[in-house]
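Participant: Can you make the complete structure from the sequences, with help from the hints?
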Amino acid sequence: MQMLQNSVGRKLVMAVTGLFLFLFVVVHLLGNSSVFMGADGINSYAEHLHALGPVVWIFRLVLLGLFALHIFFGIQLTLENRAAREIEYNEKKNLRTSFGARTMIYTGLIILAFLLYHLLHFTMHVTNPEISVGALAPDALGRADVFTMMVLSFQKFFISLVYVGAMVTLLLHLSHGVQSLFQTLGWLGANSLPVMEKVGRAAAVVIFAGFISIPVSILLGLINV
Amino acid sequence: MNLTLYVWRQNGPEDKGKLEQYEAKNVSPDSSFLEMLDEVNEELIEKGTDPIEFDNDCREGICGTCGCVVNGQPHGPQEQTTACQLHMRQFSDGDTLTLEPWRASAFPIIKDLAVDRSAMDNIIESGGYTSAYTGEVGEANQTLISKPDADYAMDAAECIGCGACVAACPNGSAMLFTSAKVAQLATLPQGKIEAAERVNGMTEAMLNAGFGNCSNHYECEASCPKGVSVKFIAKLNREYLKALPK
Chain A
1 MQMLQNSVGR KLVMAVTGLF LFLFVVVHLL GNSSVFMGAD GINSYAEHLH ALGPVVWIFR
61 LVLLGLFALH IFFGIQLTLE NRAAREIEYN EKKNLRTSFG ARTMIYTGLI ILAFLLYHLL
121 HFTMHVTNPE ISVGALAPDA LGRADVFTMM VLSFQKFFIS LVYVGAMVTL LLHLSHGVQS
181 LFQTLGWLGA NSLPVMEKVG RAAAVVIFAG FISIPVSILL GLINV
Chain B
1001 MNLTLYVWRQ NGPEDKGKLE QYEAKNVSPD SSFLEMLDEV NEELIEKGTD PIEFDNDCRE
1061 GICGTCGCVV NGQPHGPQEQ TTACQLHMRQ FSDGDTLTLE PWRASAFPII KDLAVDRSAM
1121 DNIIESGGYT SAYTGEVGEA NQTLISKPDA DYAMDAAECI GCGACVAACP NGSAMLFTSA
1181 KVAQLATLPQ GKIEAAERVN GMTEAMLNAG FGNCSNHYEC EASCPKGVSV KFIAKLNREY
1241 LKALPK
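Chains as they are written, first to last, in this note's numbering: chain A, 1 to 225; chain B, 1001 to 1246.
Where hints are given, some of them may not hold.
Dumping the calculated EDC-like pairs for lysine to aspartate or glutamate here, alpha-carbon to alpha-carbon at most 16 angstroms [unchecked claim]:
#1 B/Lys1018 / A/Glu88
#2 A/Lys93 / B/Glu1079
#3 B/Lys1226 / B/Asp1151
#4 B/Lys1111 / B/Glu1053
#5 B/Lys1016 / A/Asp40
#6 B/Lys1016 / A/Glu86
Read the hints as simulated data drawn from the structure, not as lab findings.
Facilitator: Right under this line is the structure:
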């Protein structure tokens, strides 16, 4: 428990939870991209997921734990960091840091807000119940029609805009977070650090492009019911 | 050359402090930054005004005593250079310079540009040493150290403890300073014995002194007058992981 009071210990918690959350994002993207295979792709993916039953709930609880730790320590460390400079400079020039690095707390909180909306939208069907799987007829094979729900949702410009906007904040968050977690875990040296900075940014761009490709394709009519 | 200075003037730790304007006239481009301040101070003393207080000692770039934030950069605009080794030829006639002290809650201001850096001494006292029984002088090469390890430790030992890393860090963290000492000693056989206690003690002292936490902005490395690398921060993180089960 000493670790949860230590400066480096808590950073390690941030890094490990960040790593697993990043892996979740990758898996989530791979799963969602089954929408490009049409109704058959994503509906069967969703059915297989739900067939896992209690495993899904274990997965959700672990994910909740990861988010809780990442958010709690993220806020705590940020507050301490602010207190460490009570009086700001009149003039301060930053040479190395990035916009993404300086806005981690804000992008993090925006992602949290988006996450809550995302759950209300696609998991709990609260925000748009009329086009949720509960209201839609099952597909030809009698499965919940996740595909139609996604298409009808993202055909609404405002919903797509919210999702794309949220992915911009995820892009910024990951552009710093990926390389930062490797440094915190002590896996980087003088030569690998600049490489990992580029790899981290590239990974962030790939994740961003992957996720927005879904609402963009639907808005452009490339994916249709 | 003539320059306009905006200097942070603060009478003591409790004083509010503010930027005040001064003119530095007929500055030689060959004079050092501190010599320029000396000349401004001479003029202030002649006028009967309190001179600008600033820390300095060796003026050779090796002691780590001097330093203030010049136009938003610790030790000024020249890379890997302490304020005393910064020469006025780095600036142009008519330039405006803003001089501020290291800003960190762990560094209370003593007066003007001079800050109290005892917090860094506290970190060193919490493990930045090796406990060795002194006795007879040993044989040369009695303790073998590989060349790469010796070089690595020497690079870390380049830290002069000036505090520019803290001043530059958006989080006011002393990670680069702390990690340089942890990495230097953990690489050498004499320091390996106390490696676990050292990393735990020093990181704890860092937080207790009111320094922030590292979030890998790497501003410290960019402003370090000795170019101490953030690879030592990764090394500190590894040392901390190794010490966890102990």
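Participant: Within a Cα-Cα threshold of 16 angstroms, do B/Lys1018 and A/Glu88 meet the stated pairing?
Facilitator: Within the cut-off at roughly 12 angstroms; holds.
Participant: Given the hint that A/Lys93 pairs with B/Glu1079, does the C-alpha gap stay at or below 16 angstroms?
Facilitator: 13 angstroms, holds
Participant: Sort out whether B/Asp1151 lies within 16 angstroms of B/Lys1226, counting only the CA atoms.
Facilitator: With a Cα-Cα distance of about 15 angstroms, the restraint between B/Lys1226 and B/Asp1151 holds, given a limit of 16 angstroms.
Participant: Is the Cα-Cα distance between B/Lys1016 and A/Asp40 16 angstroms or less?
Facilitator: 69 angstroms, violated
Participant: Just to be careful, I want the Cα atoms of B/Lys1016 and A/Glu86 compared with a cutoff of 16 angstroms; is the pair within it?
Facilitator: 13 angstroms, holds
Participant: Next pair to validate is B/Lys1111 with B/Glu1053; report whether the Cα-Cα distance is within 16 angstroms.
Facilitator: Within the cut-off at roughly 6 angstroms; holds.
The structure fails to meet hint 5 from the earlier list, while all remaining hints are met.
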